[in-house]
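Novice: What follows is each chain in one-letter form.
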Amino acid sequence: MNARGTNPDDMNTGDMNTGGRITSTGQPVLTVTDLRKTFPVPRSAGGGAVHAVAGVDLTIGRGEIVGLVGESGSGKTTVAHCVLRLHEPDAGAIVVDGTDITHLSRRKLMPLRPKMHMVFQDPYSSLNPRMKVADIVAAPLRAQRHVRPVSRRKVNAEVDQMLDQVGLSAQLRGRYPHELSGGQRQRVGLARSLIARPLLLVADEPTSALDVSVQAAILNQFADLQRGLGFSCLFISHNLAVVHYLCDRIAVMQHGEIIETGTREQVFQSPSHPYTRELLSATAVSP
Amino acid sequence: MNETPLLRIEDLRISFRTARGPLLAVNQVSLSLHDNEVLAVVGESGSGKTLTALSVLGLEPPGAAVSGRIWLGDEELRGASPRRLRDIRGASIAMIFQEPMTSLNPSLTVGRQVAEVLRRHQGLSGNDAKSRVLELFDLVRLPDAERHLRSYPHQLSGGMRQRVMIAMAVACGPSVLIADEPTTALDPTIETQILSLLRDLRASLGMAVLLITHNLGVVSRMADRVVVMYAGHVLEQAPTAELLASPAHPYTIGLLGAVPQPGSNADTRRLTPIAGQVPLLREEPTNCVFSPRCAYAEPRCLTAQPALRQVTSGTAHQAACVLDRIPDPARETAPRAQAT
Amino acid sequence: MTAGVAGPGVPAPVSARDAARIVRAARVRPRFSALAIVGAAGSLIVVLVAVFGPLAAPYDPNAPNFALILAPPLSPHHLLGTDQLGRDVLSRMLYGARPTLAAGIVSTLLGTAIGLPYGMIAGYFRGPVDMVLMRAADVMLAFPFLLLAVGLAAISQPTLWTAVLALGVAQVPVIARIARGATLEIRDLEYVQAALVNGERDLAILGRQILPNVLRPVTVQTTVAIPTSIVGAAILSFLGLGVQPPTADWGGMLAQAQQYLYQSVWLGVFPGIAIFLTALCFNLFGDGLTDALNPRGRR
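Protein chains in written order, with the working numbering: chain A, -7 to 279; chain B, 9 to 348; chain C, 2 to 300.
Worth double-checking, as some hints may not be accurate.
Label-pair ranges, simulated between beta-carbon atoms [said to hold, decoys possible]:
{"no.": "1", "chain 1": "C", "residue 1": "D292", "chain 2": "A", "residue 2": "A85", "range": "32 to 42 Å"}
{"no.": "2", "chain 1": "C", "residue 1": "R202", "chain 2": "A", "residue 2": "T255", "range": "15 to 25 Å"}
{"no.": "3", "chain 1": "B", "residue 1": "M109", "chain 2": "A", "residue 2": "R134", "range": "37 to 47 Å"}
{"no.": "4", "chain 1": "B", "residue 1": "T192", "chain 2": "A", "residue 2": "H170", "range": "22 to 32 Å"}
{"no.": "5", "chain 1": "A", "residue 1": "V142", "chain 2": "C", "residue 2": "F126", "range": "24 to 34 Å"}
{"no.": "6", "chain 1": "A", "residue 1": "D152", "chain 2": "B", "residue 2": "R308", "range": "37 to 47 Å"}
{"no.": "7", "chain 1": "B", "residue 1": "D19", "chain 2": "C", "residue 2": "L281", "range": "50 to 60 Å"}
{"no.": "8", "chain 1": "C", "residue 1": "V39", "chain 2": "A", "residue 2": "R99", "range": "24 to 34 Å"}
Pulled a few chain A residues facing chain C out of the computed Cβ check, cut under 7 Å [what the hints assert, rightly or not]:
{"no.": "9", "residue": "T25"}
{"no.": "10", "residue": "A72"}
{"no.": "11", "residue": "L78"}
{"no.": "12", "residue": "E80"}
{"no.": "13", "residue": "V87"}
{"no.": "14", "residue": "M102"}
{"no.": "15", "residue": "R105"}
{"no.": "16", "residue": "H109"}
{"no.": "17", "residue": "M110"}
{"no.": "18", "residue": "F112"}
{"no.": "19", "residue": "S117"}
{"no.": "20", "residue": "L119"}
{"no.": "21", "residue": "N120"}
{"no.": "22", "residue": "R122"}
{"no.": "23", "residue": "A131"}
{"no.": "24", "residue": "A135"}
Footprint (simulated), chain B over chain A, 3 or more residues, beta carbon under 8 Å [unchecked claim]:
{"no.": "25", "region": "49 to 56"}
{"no.": "26", "region": "229 to 236"}
In case anyone wonders, no lab produced these hints; they're calculated from the structure.
Note that CB positions come from ideal geometry on N, CA and C, so glycine has one too.
Generate coordinates for the entire structure from the input sequences, incorporating the hints supplied.
Specialist: Now the structure itself:
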């Protein structure tokens, strides 16, 4: 049993609560095949290229939380950016809910955007300092208004409901980010990413920049939200303990490749790769 | 411990005058560091732990009103002349920081920066300095030492920069090393390496280490004793093993319960966050500073900030709490919801 | 017992991060310095003179009085004396503030109106767009505004507006550079990524996410550019490339005063000092604004 009270072995029977746009087919929400992404290094810094992602395969099923663990330079953030098409992959395929989005143009991607979103690491740069909380949270809905028009009243209602769901008082809707604490900002980020009820949420180290006690609150909130809304999640972190708490399956990345995958139990109790073992020993708190 | 402490801080109090009123950042903090021991000062942001460390070397920011006494051996540091303090810094007491990129001068080679410390305190120069720098680089296990003499900080990885910092710090054989979150900015595997380096250096050079951190994992791997700080006060202190096994103060209990620990609370459904936020003290507290967030608070917690007292007689375990025994932590239900 | 016992003396919760920030900020408190306040006051006075001056002018600035030419200051009825045509210097000074200031401010606004989107587009799209735009800006930078003004004067009659145009165009590459730099920084921040993930269109991102955050550094540059433009406008009229006589403006007055320096040095002193003080005040104000708006730690 993990923090969300689901047993990973029951994955396919799908103990899913209602809520969220769950399409009828049982296909995976995300399939990444042989993903590759290289960045050129400017000549002034030595030239050549960085193979940030060098052949990554990943699958995420409905309602699953998959942890992607690695240190800086492992390529995990690049994977996240590719999945969300913030970058275009050099090779490989990314299929979200049955649609191949690997090389889609910006315009074709637009109507698909509500299916996936992201929570960012830094509470201080993930919210526009010049926008009010309500506007930040409403942005994903407003961005879609040409394809999916919504009335202002409906948007406000959704915003308030979402703020409540992430544990924030509706009074905060008129505030600016600098008036909020780090934990509150992360909750706003969560609200923004979930308001359009995405199928897939990519969480890039959402608690690394927070104090320990606040981290716990956010993680709990996250688990509750996932239980309630049923979204799938790619949870990126360098902290194996946090990943253990939340995730059903875990993939470990190093140097652009996935060197180990398995269920939570498998990775923690019988890690096969030496790097995984190193990571495990580095994150233990043994009383 | 009966020996005279190497470093002793007594009744430290640091306050600031800010645009929004006074700020009491450190209050009545006393601690002592003994020869060869690793003392961890644990706290979240706003606990005052970094300020405490900085004040040892007289590095508190301008505008800080500091009172209290600090001794290195028999010598009082707070009244020392600026010249004496400069002699002490780097030679008897050294410090390393969290972000080596900002603590290293980006326009000087790292070899030059380490040599500078040697020049300042030991008068070394030229080839003597160079060979000593190489020795130090080997000591801190910096690979390819010869080449890195001429490297600039931006050409090194975070872990390597931290090693350079450590080399600079131990160059003159200090008796005390103050390490302010030395591995917070590093990846877990590098962190393991740096911590083990620090442990080895402590043993081989006979240094005492004052380790500032918020990471309980680092504490469990490194520290002999732990001091827990919150809102500028010391709330608990104890030998590490004892603190982690039987924490006495509700804050410490809360901290330990808030950290995910695979293998120990794997079957607990919940992490237990501490509701609320770390307060910003404006003046002398008239109640226990933790009481607003404490699940066990009673009316008598509102009368004054409790003094540190022995938890169990005969041990070095003290906590600043009026409660004698914390009731079973498992009974703590979700605290009144307050988004943090 | 519930968590969080309320009671007297319980401090208001402030996030711990804010605590750390307040401690840091307590170290260096940026103040709007005394000089900057002087600058602000001076700039305001000049602006008021430009707007309301003509109402207070005792005489028609262009009305000659051949009976009383080159009167020294403190003459009866002519506080600042008269010029070579007997026109009241004080009135000419009051009227002359307008073209000088207008040229300085309007040209800067023009430069900003063009330079801001220019730089933002270059910084946002990067790649070939950026390269082309910035090389073009480099070319513009290479042209001194004087040359531009001369060129414009050759095409058509020199007027206040040709001067404004020349000065404005000269500002464009400077503002564009700053806008581009700020855009490059902001573009990689996570909230812009979030907007991309939202599916927002480029125009919306530029307008909503980037522009409000670029305005700050650009505004600072603008206040610093105004004194430069004011002096530039004065230079142009001095050279006859701006406002044409008999219209009063400080640069033109300075030009004409050259011939009469021996008879009446004051004819040059007043407009000269006025230009100098105006530029100085705007400069001080701009510096003060820079300091006040850019404290340590960008938040």
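Novice: If a hint holds in the structure, say so; if it does not, say that too.
Specialist: Hints, verified against the model:
1. C/D292 <-> A/A85: 32 to 42 Å: 53 Å, violated
2. C/R202 <-> A/T255: 15 to 25 Å: 41 Å, violated
3. B/M109 <-> A/R134: 37 to 47 Å: 39 Å, holds
4. B/T192 <-> A/H170: 22 to 32 Å: Because 24 Å falls inside the window, the suggested range holds.
5. A/V142 <-> C/F126: 24 to 34 Å: Taking Cβ atoms as reference, A/V142 and C/F126 lie about 30 Å apart, which means the hint holds.
6. A/D152 <-> B/R308: 37 to 47 Å: 41 Å, holds
7. B/D19 <-> C/L281: 50 to 60 Å: 53 Å, holds
8. C/V39 <-> A/R99: 24 to 34 Å: 55 Å, violated
9. T25: 22 Å, violated
10. A72: Since chain C brings no Cβ nearer than about 10 Å to A/A72, farther than 7 Å, the hint is violated.
11. L78: With Cβ-Cβ at 6 Å, under 7 Å, it holds.
12. E80: With Cβ-Cβ at 13 Å, over 7 Å, it is violated.
13. V87: A/V87 check fails; min Cβ-Cβ to chain C is 18 Å, beyond 7 Å.
14. M102: 5 Å, holds
15. R105: The hint holds - A/R105 has a Cβ within 7 Å of chain C, the shortest such distance being about 3 Å.
16. H109: 6 Å, holds
17. M110: 5 Å, holds
18. F112: Constraint on A/F112 satisfied, holds at 4 Å.
19. S117: 5 Å, holds
20. L119: Where the cut-off is 7 Å and the nearest Cβ of chain C is about 6 Å from A/L119, the hint holds.
21. N120: 4 Å, holds
22. R122: With Cβ-Cβ at 4 Å, under 7 Å, it holds.
23. A131: Given a least distance of 5 Å, the restraint on A/A131 holds.
24. A135: 4 Å, holds
25. 49 to 56: violated (count 0)
26. 229 to 236: It holds, with 6 qualifying residues against the three required.
Hints 1, 2, 8, 9, 10, 12, 13 and 25 from the earlier list are contradicted by this structure; the remaining hints agree with it.
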